[in-house]
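For this one, chain A is given, so just place chain B on it according to the hints.
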Amino acid sequence: MTDLNGKDGFDRRKFLTGAAVAGVTPALTQASAPAQAQVAAPRHTPSALPPTMKTIAAETQPPEEMSRIGGKPGSDFMIDVIKTLDIKYAPSNCASSFRALHESMINYGENKSPEYISCMHEESGVGMAHGYFKATGKMLLTMVHGTVGLQHATMAIYNAYCDRVPLIIIGGNDLDAATRPPGVPTFHAAQDINAIVRDYTKWDDTPVTLQHYAQSMVRAYKIAMTPPYGPVAISLDAGLQQEPIHEHGSKLYIPRYVPTSPPQGDSNAVREAARLLVAADNPVIVADRCARTPNGAKLLVELAELLQCPVVDQGNRMNFPNTHYLSRPAGVIAGADVVMGLELSDFWGTVNSFTDNGENGGVGVNASRVKPQTKMISITSVDLLTKSNYQDFQRFQTVDVHMAADAETTLPSLIEAVKSAITKDRANAIAERTDKAKKAYADIRARDMQAAVVGWDSSPISTARLCMELYAQIKDLDWSLVSSAGDVSNWPARLWSIEKHHQWLGKSGGYGVGYGAPASVGAALANKELGRFSVSIQSDGDLMFAPGVLWTAAKHKIPLLSVMHNNRAWHQEVMHVQRLSNFRNRKANYGGDMGPIGTCIENPDIEYHKLAESMGWWAKGPIKDPAQLGPALKEAIAVVKSGQPALLNVWTQPR
Amino acid sequence: MRNLKFITTIAATLLLSSTGAFAASAEKGRVAFGKNGCWQCHGWEGQGGNAGPRLARTQLPLEALTAFVRGTNGPMPPFSKKVLSDEDLADIYAFISAQPAPPDPKTIPLLAR
Numbered sequence: 001m002t003d004l005n006g007k008d009g010f011d012r013r014k015f016l017t018g019a020a021v022a023g024v025t026p027a028l029t030q031a032s033a034p035a036q037a038q039v040a041a042p043r044h045t046p047s048a049l050p051p052t053m054k055t056i057a058a059e060t061q062p063p064e065e066m067s068r069i070g071g072k073p074g075s076d077f078m079i080d081v082i083k084t085l086d087i088k089y090a091p092s093n094c095a096s097s098f099r100a101l102h103e104s105m106i107n108y109g110e111n112k113s114p115e116y117i118s119c120m121h122e123e124s125g126v127g128m129a130h131g132y133f134k135a136t137g138k139m140l141l142t143m144v145h146g147t148v149g150l151q152h153a154t155m156a157i158y159n160a161y162c163d164r165v166p167l168i169i170i171g172g173n174d175l176d177a178a179t180r181p182p183g184v185p186t187f188h189a190a191q192d193i194n195a196i197v198r199d200y201t202k203w204d205d206t207p208v209t210l211q212h213y214a215q216s217m218v219r220a221y222k223i224a225m226t227p228p229y230g231p232v233a234i235s236l237d238a239g240l241q242q243e244p245i246h247e248h249g250s251k252l253y254i255p256r257y258v259p260t261s262p263p264q265g266d267s268n269a270v271r272e273a274a275r276l277l278v279a280a281d282n283p284v285i286v287a288d289r290c291a292r293t294p295n296g297a298k299l300l301v302e303l304a305e306l307l308q309c310p311v312v313d314q315g316n317r318m319n320f321p322n323t324h325y326l327s328r329p330a331g332v333i334a335g336a337d338v339v340m341g342l343e344l345s346d347f348w349g350t351v352n353s354f355t356d357n358g359e360n361g362g363v364g365v366n367a368s369r370v371k372p373q374t375k376m377i378s379i380t381s382v383d384l385l386t387k388s389n390y391q392d393f394q395r396f397q398t399v400d401v402h403m404a405a406d407a408e409t410t411l412p413s414l415i416e417a418v419k420s421a422i423t424k425d426r427a428n429a430i431a432e433r434t435d436k437a438k439k440a441y442a443d444i445r446a447r448d449m450q451a452a453v454v455g456w457d458s459s460p461i462s463t464a465r466l467c468m469e470l471y472a473q474i475k476d477l478d479w480s481l482v483s484s485a486g487d488v489s490n491w492p493a494r495l496w497s498i499e500k501h502h503q504w505l506g507k508s509g510g511y512g513v514g515y516g517a518p519a520s521v522g523a524a525l526a527n528k529e530l531g532r533f534s535v536s537i538q539s540d541g542d543l544m545f546a547p548g549v550l551w552t553a554a555k556h557k558i559p560l561l562s563v564m565h566n567n568r569a570w571h572q573e574v575m576h577v578q579r580l581s582n583f584r585n586r587k588a589n590y591g592g593d594m595g596p597i598g599t600c601i602e603n604p605d606i607e608y609h610k611l612a613e614s615m616g617w618w619a620k621g622p623i624k625d626p627a628q629l630g631p632a633l634k635e636a637i638a639v640v641k642s643g644q645p646a647l648l649n650v651w652t653q654p655r
Numbered sequence: 001m002r003n004l005k006f007i008t009t010i011a012a013t014l015l016l017s018s019t020g021a022f023a024a025s026a027e028k029g030r031v032a033f034g035k036n037g038c039w040q041c042h043g044w045e046g047q048g049g050n051a052g053p054r055l056a057r058t059q060l061p062l063e064a065l066t067a068f069v070r071g072t073n074g075p076m077p078p079f080s081k082k083v084l085s086d087e088d089l090a091d092i093y094a095f096i097s098a099q100p101a102p103p104d105p106k107t108i109p110l111l112a113r
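Sequence lines, in order, name chains A and B. Under this note's numbering, read the first sequence as residues 1 to 655, first letter to last. Under this note's numbering, read the second sequence as residues 1 to 113, first letter to last.
Keep in mind that a hint or two might mislead.
What the hints assert, rightly or not - Keeping only pairs whose Cα atoms sit at most 25 Å apart, straight-line, the calculated DSS-like set for lysine-lysine is:
| id | chain 1 | residue 1 | chain 2 | residue 2 |
| --- | --- | --- | --- | --- |
| 1 | A | K634 | B | K106 |
| 2 | A | K555 | A | K112 |
| 3 | A | K528 | A | K439 |
| 4 | A | K634 | A | K624 |
| 5 | A | K83 | A | K222 |
| 6 | A | K610 | A | K587 |
| 7 | A | K555 | A | K438 |
| 8 | B | K82 | A | K475 |
| 9 | A | K439 | B | K81 |
| 10 | A | K641 | A | K620 |
| 11 | A | K438 | B | K81 |
| 12 | B | K81 | A | K528 |
| 13 | A | K555 | A | K624 |
| 14 | A | K507 | A | K298 |
| 15 | A | K83 | A | K202 |
| 16 | A | K475 | A | K587 |
| 17 | A | K436 | B | K106 |
| 18 | B | K35 | A | K624 |
| 19 | A | K436 | A | K528 |
| 20 | A | K138 | B | K82 |
| 21 | A | K624 | B | K28 |
| 22 | A | K138 | A | K587 |
| 23 | A | K83 | A | K298 |
| 24 | A | K507 | A | K202 |
| 25 | A | K112 | A | K222 |
| 26 | A | K587 | B | K106 |
| 27 | A | K251 | A | K475 |
| 28 | A | K557 | A | K587 |
| 29 | A | K620 | A | K610 |
| 30 | A | K88 | A | K641 |
| 31 | B | K106 | A | K439 |
| 32 | A | K202 | A | K72 |
| 33 | A | K387 | A | K371 |
Because the hints were derived from the structure by calculation, they are not lab data.
Next up, chain A with everything else stripped away, as it sits in the complex (with noise of 0.2 Å):
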C-alpha cells in the first residue's frame, strides 16, 4: 500500500470510505506542493467549509467497502487494559469518534467488563455512572463523542464532581489534521476536547500512544478512585485507536493497578480534636459525605455513642441511622461548643444562615447558628482539590483544628484518640447525656408525625402520604432508595427506617437538575446484580431533561420502580419568581398558570405513564387520590419484582 506522500504501509484514512478520501482531494493536492500554494493569489473561501453530501455520506451512511487491517487493532489493546480494571459497564451514546473502541469492546471483548449500556443521551451515560458507583463503590466509564457528545455530558460531568463520584469519561476525537475527513469530523474534532471539563475534572489526558493509552488509563482509574474521588476524562484519538498496533520496538505492557492509601489526619491534629471534644459539654457532628463506604457509618456511629453526641447527617450519603437515638436535625447546632465537620461540602452554610430577603442592597442578611465561642474541627479531603472557576467550594469558614485528610479514613484513630482522653469524670459527664438525648429524639419523631398528619387526606396527594404508602410497600424488601430527586420535605429521612448504607444514596452533588433518572437507573443495574429492590421518587422536572433513560432502562431489562412526585412544576425556581416578584412589589404574573410563567410544567399536562410506556415500561397514572395510591404501587411492586421496571405517575403537593 502506498500511502499520499508515497510511502509504503497502512493509512488509517484509507479505513475510511473512498467518498471521504475523495473529498479531501483538492486539499491534499495543495498541500502536496507548498511552493506553489505560497505563491498562489489567495482564494476567497471561508475558513470553514460545509460539508460536502460525500462527507455528510462518509458520516452517516455505512461504509461502501472496508479495507482489511492487518495487525491488532489498537482498540484491541484498548480494551485489554480496561479490562484489568473491573469496569463493568460503559453506559454510553453511539458516536463515529471511538466507533473503533466501540466495535473492540462488543466484538473483540465480547461485550462484557465492560458491557455496553445503550443511552440515549451523554448526560444519561455519566448520570448512570454516576448512580450505579454510589450503589456499588465501583467505577463505570463512558465514552463520548467528542465536542459535541462532551458538550451534552458536562453538567452530568459538574454533578459527579461535586459529588465526589470517580468515573472515566473517553472523549473520541480525531486529532490530526492534515488526515482526519473533512465536514462533519472535523467540526466534531478540537484541540483539547477536554478542556470543557478540566474545571470539574481531577485529571486528563491525551494519550499519543498506546503506551502512553495504556499508562493512561490506569492512571485515570488510580486518581479517580483516591479520596477524594471524581471524574477523569481521556480524550482517545479516533486514529490511534483505528490503526493497528505498531509496538515502537518494545512491547506493549498494562501498568499494574494498586489503589492509594487515602490520606489519614495529622496525628497531632486528631489528638487535638479528640481533646475538644472529649472536653466539650455539647459537641455535635456534622457529616456529608463523611461514609464512603458501609464502615463509614459504622465508625461514626462508634464515635457518636463514645461521646453520646449528636450526629447532623447532611444527606450526601447515608452517614448515620436515622433509628439512632443520637440522630438530629441542623437544629440542634445551636447549643454546641464543639461541631465537628466530617467531608462538608459547605461549613460556612453550617454554622451560619442566609436569609433572602432583600435587604443589604438586595444580597440579603447572613446570621451565625452557632455561639460566639464554638470551636470547630474539620476532616475533608475536598481540602486536597480544590480549582478556582467553579464555585463549589463555598464561603471561607474559619476552623480550629482544620485536617486535609480522608474523614472515613481519619475515624479509627480519632475514636482511639478519644478514648484515651476521656477521663473519668468526663466519662460520668458523657454518660448522663444519654437520657436526655434518647427523649430529645422522641420529642423530634412525635413531631415529625404530627406534621406528616396534616393534609393526610388531600389531592393532590401530601408528600408525607406518598412517602408513607410507598415506605409501606417496601420496609420489608432489601430496598435501595436509588435517588429522591425534587423536594419532598425530608420526609424518608424523617420517617423511614434509615440504617444500611445503600438504603440512601444521597443527591446530585452540583443541584444540576437531571441527575435523578439516570442516576436512579444506573443505581438500580447496580442493585440488580446485588439483589436489591429498587426504588426511585422521581420529580417531573428532572425526568424531562432526558427521559430517554427509560428507554435504556426497559432494553437492559432494569427493575426499577419510579414513584413521580409530579408537582406540574420546577417548583423551586416558582419560588424564587414569586419571591422577586413580591421585593419589586409587584404581582406576579400567572399567565393562567398555577405560578409565575415560566416555571409551571402544565397547560398541557404531560403524561408520565404514556412517555414511560412508549419507551416500554409498565405504568399508571395520574393518581390524585391517595386511596388509590396503596394499591398501585402493589402493582407496580410486582412488575419490579419479575425483572421489568415500572412507573407511577403521581399527582403531588409541591412540597
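Using the frame of chain A, we list chain B on its own:
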C-alpha cells in the same frame, strides 16, 4: 431598625383591621390562596413543609397574621396590599382557619415504624 419597621407595620395593620369590615369567605379564600401563591411554600391545604410552616388551623389572630404578611423580613417575602388585597388576605385567613383537624398519627398504621 428592622424591629422598628416591623412594629410600625403591625400598628398600621391593627388600625386598618379595626376599621375594615370584610365578610371573609373560606371558599373564596381557597381560590385566593392559589392565585396569590401561598400554596407554593405552605402547600395547597396550608399543611406546610420544608419551604414554609404549617398554616392550617392557625392559632394566630388575623391582625398578627396580617402584620406578618405585610412586614416580614424573614425567609418569606412580604405581600403588600398592591400584591395581596386586605379582602383576599381575610378570605385566606378564613380558609386556613377552617381546615379540618388532622387525624391522630397513632390511628394511621402507615406511620408506625
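Outcome of the hint check:
1. Of the supplied pair hints, the one linking A:K634 and B:K106 holds, its CA atoms being roughly 24 Å apart against a limit of 25 Å.
2. The hinted pair formed by A:K555 and A:K112 meets the criterion: a straight-line CA distance of about 17 Å does not exceed 25 Å.
3. Restraint check for A:K528 and A:K439: not satisfied, since their Cα atoms lie roughly 40 Å apart, outside the 25 Å limit.
4. With a CA separation close to 16 Å, the supplied pair A:K634 and A:K624 stays within the 25 Å bound.
5. Annotation: proposed proximity of A:K83 to A:K222 holds, straight-line Cα distance about 15 Å (limit 25 Å).
6. A threshold of 25 Å between alpha carbons decides the hint, and for A:K610 with A:K587 the separation of about 36 Å lies outside it, so the pair is violated.
7. Under the criterion of a C-alpha separation no larger than 25 Å, the hint pairing A:K555 with A:K438 is inconsistent with the structure, at around 48 Å.
8. Restraint check: the Cα-Cα separation between B:K82 and A:K475 comes to about 50 Å, which exceeds 25 Å; the hinted pair is violated.
9. Between A:K439 and B:K81 the alpha-carbon distance is near 45 Å, which puts this suggested pair outside the 25 Å criterion.
10. For the suggested pair A:K641 and A:K620, the alpha carbons sit about 16 Å apart, so the restraint of at most 25 Å is met.
11. This hinted pair does not check out: A:K438 and B:K81 have alpha carbons roughly 47 Å apart, beyond 25 Å.
12. About 56 Å separates the Cα atoms of B:K81 and A:K528, which puts this hinted pair outside 25 Å; it is violated.
13. Annotation: proposed proximity of A:K555 to A:K624 is violated, straight-line Cα distance about 29 Å (limit 25 Å).
14. For the hint pairing A:K507 with A:K298, the CA-to-CA distance comes to about 21 Å; that is within 25 Å, so the pair holds.
15. Between A:K83 and A:K202 the CA atoms are separated by roughly 22 Å; this keeps the pair inside 25 Å, and the hint holds.
16. Restraint check: the Cα-Cα separation between A:K475 and A:K587 comes to about 45 Å, which exceeds 25 Å; the hinted pair is violated.
17. Distance hint between A:K436 and B:K106 is fulfilled; the C-alpha atoms sit about 24 Å from each other, no more than 25 Å.
18. The suggested pairing of B:K35 with A:K624 holds, with an alpha-carbon distance near 21 Å, which does not exceed 25 Å.
19. Simply put, A:K436 and A:K528 have alpha-carbon atoms about 42 Å apart, too far for the 25 Å limit, and the pair is violated.
20. The straight-line distance between the Cα atoms of A:K138 and B:K82 is roughly 57 Å, outside the 25 Å bound, and the hint therefore fails.
21. Pair hint A:K624 plus B:K28 holds up; C-alpha atoms about 23 Å apart against a cutoff of 25 Å.
22. A threshold of 25 Å between alpha carbons decides the hint, and for A:K138 with A:K587 the separation of about 51 Å lies outside it, so the pair is violated.
23. Simply put, A:K83 and A:K298 have alpha-carbon atoms about 33 Å apart, too far for the 25 Å limit, and the pair is violated.
24. Restraint check for A:K507 and A:K202: the C-alpha separation of about 20 Å stays at or below 25 Å, so the hint holds.
25. A threshold of 25 Å between alpha carbons decides the hint, and for A:K112 with A:K222 the separation of about 22 Å falls inside it, so the pair holds.
26. As the CA atoms of A:K587 and B:K106 are separated by approximately 42 Å, the hinted pair breaks the 25 Å bound.
27. Between A:K251 and A:K475, the direct Cα distance comes to roughly 56 Å. Violation of the 25 Å bound is thereby established for this hinted pair.
28. For the suggested pair A:K557 and A:K587, the alpha carbons sit about 49 Å apart, so the restraint of at most 25 Å is broken.
29. Of the supplied pair hints, the one linking A:K620 and A:K610 holds, its CA atoms being roughly 8 Å apart against a limit of 25 Å.
30. Note on A:K88 and A:K641: the hinted pairing holds, with a Cα-Cα distance of about 23 Å set against a maximum of 25 Å.
31. Only pairs whose Cα atoms come within 25 Å are accepted, and B:K106 paired with A:K439 is accepted, the gap being roughly 18 Å.
32. Of the supplied pair hints, the one linking A:K202 and A:K72 is violated, its CA atoms being roughly 32 Å apart against a limit of 25 Å.
33. A distance of roughly 31 Å separates the Cα atoms of A:K387 and A:K371; the hinted pair therefore is violated under the 25 Å criterion.
Hint compliance for this structure: hints 3, 6, 7, 8, 9, 11, 12, 13, 16, 19, 20, 22, 23, 26, 27, 28, 32 and 33 are not met, and every other hint is.
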